[in-house]
Amino acid sequence: MSLTFEQVQRIAHLARIEVSEAEALTTQDHLNGIFQLIEQMQAVDTSGIEPMAHAQDLSQRLREDRVSEADRRAAYQAIAPETEAGLYLVPKVIE
Amino acid sequence: MINASLKQLSQALAAKQISSVELTQLFLDRINRLNPTLNAFVTVDAEKSLNSARAADARIAAGNAGLLTGIPIAQKDIFCAEGWLTTCGSKMLANFVSPYDATVIRKMESEAGLVSLGKTNMDEFAMGSSNETSFFGPVRNPWDTARVPGGSSGGSAAAVAARLAPAATGTDTGGSIRQPAALCNLTGLKPTYGVVSRYGMIAFASSLDQAGPMAASAEDCALLLNTMVGFDERDSTSLERPIEDYTHGLEKPLHGLRIGLPKEFFGEGCDAEVMAAVRAAIAEYEKLGAKTVEVSLPNSHLSVPAYYVIAPAEASSNLSRFDGVRYGFRAQEYGNLDDMYMKSRAQGFGAEVKRRIMIGAYVLSHGYYDAYYLQAQRIRRLIANDFVEAFKVCDVIMGPTSPSTAFKLGEKAADPVQMYLSDIYTIAVNLAGLPGMSVPCGFAGGLPVGLQLIGNYFAEAQLLNVAHRYQQATDWHQLRPADLG
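Quick note, the sequences are listed as chains A and B, same order. Just so you know, we're using UniProt numbering here: the first sequence kicks off at 1 and counts up by one. Just so you know, we're using UniProt numbering here: the second sequence kicks off at 1 and counts up by one.
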């Protein structure tokens with residue numbers, strides 16, 4: 001398998017990372033080297049093997065549905081790039 | 001005092017031979033003097049450290065100190081610490097002052113009374129094996145400043161090796177505690193997945209990440225591990241199990257211990273002098289009464305390929321939170337919302353982090369998920385099963401931690417695949433979720449060599465015992481680099 005230049009640009013967009021043409025070319029080269037390493041997996045017959053997502057086969061713990069955290073909005077928003085009246089500001093999404 | 005063990009420091013503090021303030025100042029002075037050469041710390045705040053030391057002295061005076069109260073420690077900059085800059089080695093978080101403490105920080109500092117000396121340099125978001133991907137520049141290995149300390153916990157390793165701190169924390173996703181410990185002549189332990197809380201530890205690959213201690217000896221690591229472990233309801237994968245005292249079984253004799261030697265770890269691909277040091281260590285274990293048995297991990301050659309699907313997949317999801325909205329870096333100029341995301345992430349992340357996010361986005365995307373992500377998870381199962389088989393005939397597995405000693409700065413930086421292969425012996429342990437250690441076992445060409453110990457699930461106490469008995473019989477772990485002036 002080999003990624004095309006267009007595929008690299010598409011992946012960069014999926015990842016929401018802006019790349020210049022020059023960066024995309026270097027990235028294409030590096031990613032193809034890495035995928036060559038990854039391709040070794042394809043020779044292995046894994047039929048009937050259960051995928052392992054986690055080291056311990058445990059089910060997700062549930063907790064009681066009650067308030068357990070204090071309100072620290074001011075502290076958390078103090079480190080945000082831009083806030084106003086308790087809201088995070090971003091460029092206008094809906095005209 | 002600089003070279004004292006944690007037990008000796010604890011006794012000196014209890015006997016009032018030295019105060020925590022004096023001890024903290026001693027290490028702060030060394031950081032001041034030596035950090036410009038090593039770049040091991042990215043943040044030091046003497047006033048904060050000395051305030052903690054004063055609080056520790058008050059606890060000691062009041063008679064309610066713990067064993068490690070007042071002892072200084074270096075914290076890897078992946079742990080959120082309230083009021084401290086917490087950068088994770090990235091421009092993305094270069095301005096991030098954490099509003100809360102990671103559980104590891106809370107337990108070690110607020111509960112045990114350890115005194116933070118500052119935050120240590122690391123590969124950006126823990127993605128690297130040389131500490132060269134840090135936004136804050138590379139760390140230098142105290143044994144040879146032209147060489148890397150390993151990574152991603154390279155700052156912690158260099159700090160302890162050069163005695164800028166008596167001990168440090170690290171995190172290990174694919175070898176990031178064990179490999180730098182090996183390259184800097186330290187003892188480092190990655191616990192069983194789920195033993196140490198991940199709350200407030202900035203996430204790289206959540207099913208693999210685990211924090212652990214890095215120090216001069218197994219005894220120091222046992223004392224530190226005692227303060228780090230425990231169930232935490234804030235980490236959904238934290239395990240509820242009885243608390244152990246990891247110092248308790250350190251002295252157990254090793255007579256009859258069965259050491260498994262995986263034939264795949266003793267074949268080609270490892271430096272001959274490194275292998276000679278590892279074999280000499282195993283011979284020493286035989287003198288201590290252990291027996292060796294050949295085992296096989298037939299799928300271990302697939303651990304690097306499977307890891308470079310699973311870890312980037314999890315990273316691409318975890319790092320989607322860095323979008324320039326709630327904290328961290330936001331680009332100066334941008335158009336619409338999407339453009340703000342794209343520019344903030346393009347400018348905030350370094351090249352290696354971008355590569356891994358993109359690999360992850362690709363292997364999780366429609367049409368490739370089964371062939372890559374699910375296939376990697378199936379191989380992960382095969383790798384874990386290999387260990388289950390091996391532990392039927394042995395108690396502990398041994399081999400090299402790293403295929404080479406510390407390499408030169410820049411030597412592997414241009415070729416990601418070469419860099420990835422430096423973790424060839426460590427990654428399988430993370431995929432299986434097992435505990436692993438690196439223990440100093442000799443030198444090759446004047447540079448430290450690490451012996452890797454791999455235990456069964458929850459065998460931390462046994463690994464520490466096996467490491468400690470070796471350190472009673474040898475003095476590799478006591479050797480220090482020449483003082484850098």
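One thing to keep in mind: the hints can contain errors.
[What the hints assert, rightly or not] For lysine-lysine, the following DSSO-like pairs were computed, each having C-alpha atoms within a straight-line distance of at most 30 Å:
{"#": "1", "chain 1": "B", "residue 1": "K91", "chain 2": "A", "residue 2": "K92"}
{"#": "2", "chain 1": "B", "residue 1": "K343", "chain 2": "B", "residue 2": "K7"}
{"#": "3", "chain 1": "A", "residue 1": "K92", "chain 2": "B", "residue 2": "K343"}
Keep in mind that the hints were calculated from the coordinates and are not lab data.
Hints, verified against the model:
no., hint, in the structure
1, K91(B) to K92(A), "holds (26 Å)"
2, K343(B) to K7(B), "violated (50 Å)"
3, K92(A) to K343(B), "holds (16 Å)"
The structure shown violates just one earlier hint, number 2.
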